[in-house]
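Student: Top line first, the protein sequences correspond to chains A and H. For the first sequence, my numbering gives the first residue as 57, with consecutive numbering after it. For the second sequence, my numbering gives the first residue as 57, with consecutive numbering after it.
Derived by calculation from the structure, the hints in this document are not laboratory data. Be careful, since some hints might not be right.
A pair counts as met if it fits within one copy or between any two copies, since identical chains are not told apart.
As the list claims (entries may be wrong) - With a Cα cut of at most 27 Å, we get these calculated DSS-like pairs of lysine-lysine: (1) K168 <-> K113; (2) K172 <-> K131; (3) K189 <-> K168; (4) K131 <-> K113; (5) K131 <-> K168; (6) K113 <-> K172; (7) K192 <-> K168; (8) K136 <-> K172; (9) K189 <-> K172; (10) K93 <-> K189; (11) K93 <-> K192; (12) K131 <-> K192; (13) K189 <-> K136; (14) K192 <-> K113; (15) K136 <-> K192; (16) K189 <-> K113; (17) K189 <-> K131; (18) K93 <-> K113.
2 protein chains.
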Amino acid sequence: MAEQIIPRPIAVQRTLAIFSDPWSFSVLQELFFGVRKFDDFQRNLGISRSVLARRLKHLEQEQIIGRHLYSDRPKRYEYKLTERGRDMYPIFIALRRWGETWLDNAATPELKLVHKTCGHELIPSLDCAACQKEIKAEDIAYQVDA
Amino acid sequence: MAEQIIPRPIAVQRTLAIFSDPWSFSVLQELFFGVRKFDDFQRNLGISRSVLARRLKHLEQEQIIGRHLYSDRPKRYEYKLTERGRDMYPIFIALRRWGETWLDNAATPELKLVHKTCGHELIPSLDCAACQKEIKAEDIAYQVDA
Chain A
57 MAEQIIPRPI AVQRTLAIFS DPWSFSVLQE LFFGVRKFDD FQRNLGISRS VLARRLKHLE
117 QEQIIGRHLY SDRPKRYEYK LTERGRDMYP IFIALRRWGE TWLDNAATPE LKLVHKTCGH
177 ELIPSLDCAA CQKEIKAEDI AYQVDA
Chain H
57 MAEQIIPRPI AVQRTLAIFS DPWSFSVLQE LFFGVRKFDD FQRNLGISRS VLARRLKHLE
117 QEQIIGRHLY SDRPKRYEYK LTERGRDMYP IFIALRRWGE TWLDNAATPE LKLVHKTCGH
177 ELIPSLDCAA CQKEIKAEDI AYQVDA
């Protein structure tokens, strides 16, 4: 039997490309910490105005954030995650969990994430929606539909 | 009350930095599809031998992969994910889920992931280990321990 060619998922790299440059990543991380205003991004990140403006524009074009006028004179905008942007949160949680598990000197134990839904400290687990068991690489099979 | 300064988690960006350059990412993705041999990476990715060698070395230094001799004459090595490397799988699953949900023309419906544990097609869900509910950005509070 000929070797079956398994297509690679194109979604993974395209998703990564949206936010993986260090500044886009940092801006997105600030958004998840509730930062919304241009000057606050700038102060927190120590980033130049032009680089910041470009990254915000990029995230707006990717529909990760929306821009909203909050002051008319002078004209001031704030930036908010869209639903599409908020839905990137599990990616950040998965990245953090891995880094805190495996990297040296990468823990931030003073920063606790609390799951308001149940009141417990957040321990994330990527589960199968069908059986609720945690997903491990070795339990996944690739199947190609003709 | 003074505004509480919330530290940002350093683990996220450090994790991202390990695999987010396009070639490191592609090599890692091939590993998750079971590719192990230098020539197979090269053929699948259309990558130069020197770039590939550098990326494999990088992933080895990060302890994402281990190198194993499988032929003595000529000396040939194969590359396998370590436990630390395999544990990056949830990150890939989270990236794919987001991309397939939100990006146009990013779906690969012909590639089905099956959860061997239960036999169902994989629908991933990032859940809270305490209450098993799905994690959403808006349900997370940040708390700083003094």
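Student: Could you run down the list of hints and mark each one as holding or not?
Tutor: Results for each hint:
Neither within a single protomer nor between protomers do K168 and K113 lie at most 27 Å apart by alpha-carbon distance, with minima of 31 Å and 35 Å respectively. For a Cα distance limit of 27 Å, the shortest separation of K172 from K131 qualifies neither inside one copy, at 35 Å, nor across copies, at 55 Å. For the identical chains of this complex, K189 and K168 are neighbours both inside a copy (25 Å) and across copies (18 Å), given an alpha-carbon limit of 27 Å. Proximity of K131 to K113 under the C-alpha cut-off of 27 Å is restricted to the intra-copy arrangement: shortest distance 17 Å within a copy versus 51 Å between copies.
In this homomeric assembly, K131 and K168 never come within 27 Å of each other (Cα to Cα): the closest approach is 36 Å inside a single copy and 49 Å across copies. Taking the closest pair of Cα atoms, K113 and K172 never come within 27 Å of each other, the shortest separation being 32 Å inside a single copy and 42 Å across copies. Proximity of K192 and K168 under a CA criterion of 27 Å is satisfied in both settings, with 25 Å inside one chain copy and 16 Å between copies. Proximity of K136 and K172 under a CA criterion of 27 Å is satisfied intra-copy only: 21 Å inside one chain copy versus 39 Å between copies.
In the homo-oligomer, the alpha carbons of K189 and K172 lie at most 27 Å apart both inside one protomer (23 Å) and across protomers (11 Å), since each shortest distance falls under that limit. In this assembly of identical chains, the alpha carbons of K93 and K189 never lie at most 27 Å apart, being 40 Å within a copy and 32 Å across copies at closest. For the homomeric pair K93 and K192, the shortest alpha-carbon distance between copies (23 Å) is at most 27 Å, but the shortest distance inside one copy (39 Å) is not. In the homo-oligomer, the alpha carbons of K131 and K192 never lie at most 27 Å apart, since the shortest distance is 50 Å inside one protomer and 32 Å across protomers.
With identical chains, the CA atoms of K189 and K136 are at most 27 Å apart between copies only, with a shortest distance of 25 Å across copies and 34 Å within one. In this homomeric assembly, K192 and K113 come within 27 Å of each other (Cα to Cα) only across copies, at 25 Å, whereas the closest approach inside a single copy is 37 Å. Taking CA atoms no more than 27 Å apart as the test, K136 paired with K192 passes between copies only; the shortest distance there is 16 Å, against 34 Å inside one copy. For the identical chains of this complex, K189 and K113 are neighbours neither inside a copy (39 Å) nor across copies (34 Å), given an alpha-carbon limit of 27 Å.
Taking identical chains as interchangeable, the C-alpha atoms of K189 and K131 are never at most 27 Å apart, the minima being 50 Å within one chain and 41 Å between chains. When the C-alpha separation of K93 and K113 is checked against a cutoff of 27 Å, the pair qualifies only within one copy, where the shortest distance is 14 Å, while the shortest distance between copies is 41 Å.
Checked against the numbered hints above, the structure breaks hints 1, 2, 5, 6, 10, 12, 16 and 17 and satisfies the rest.
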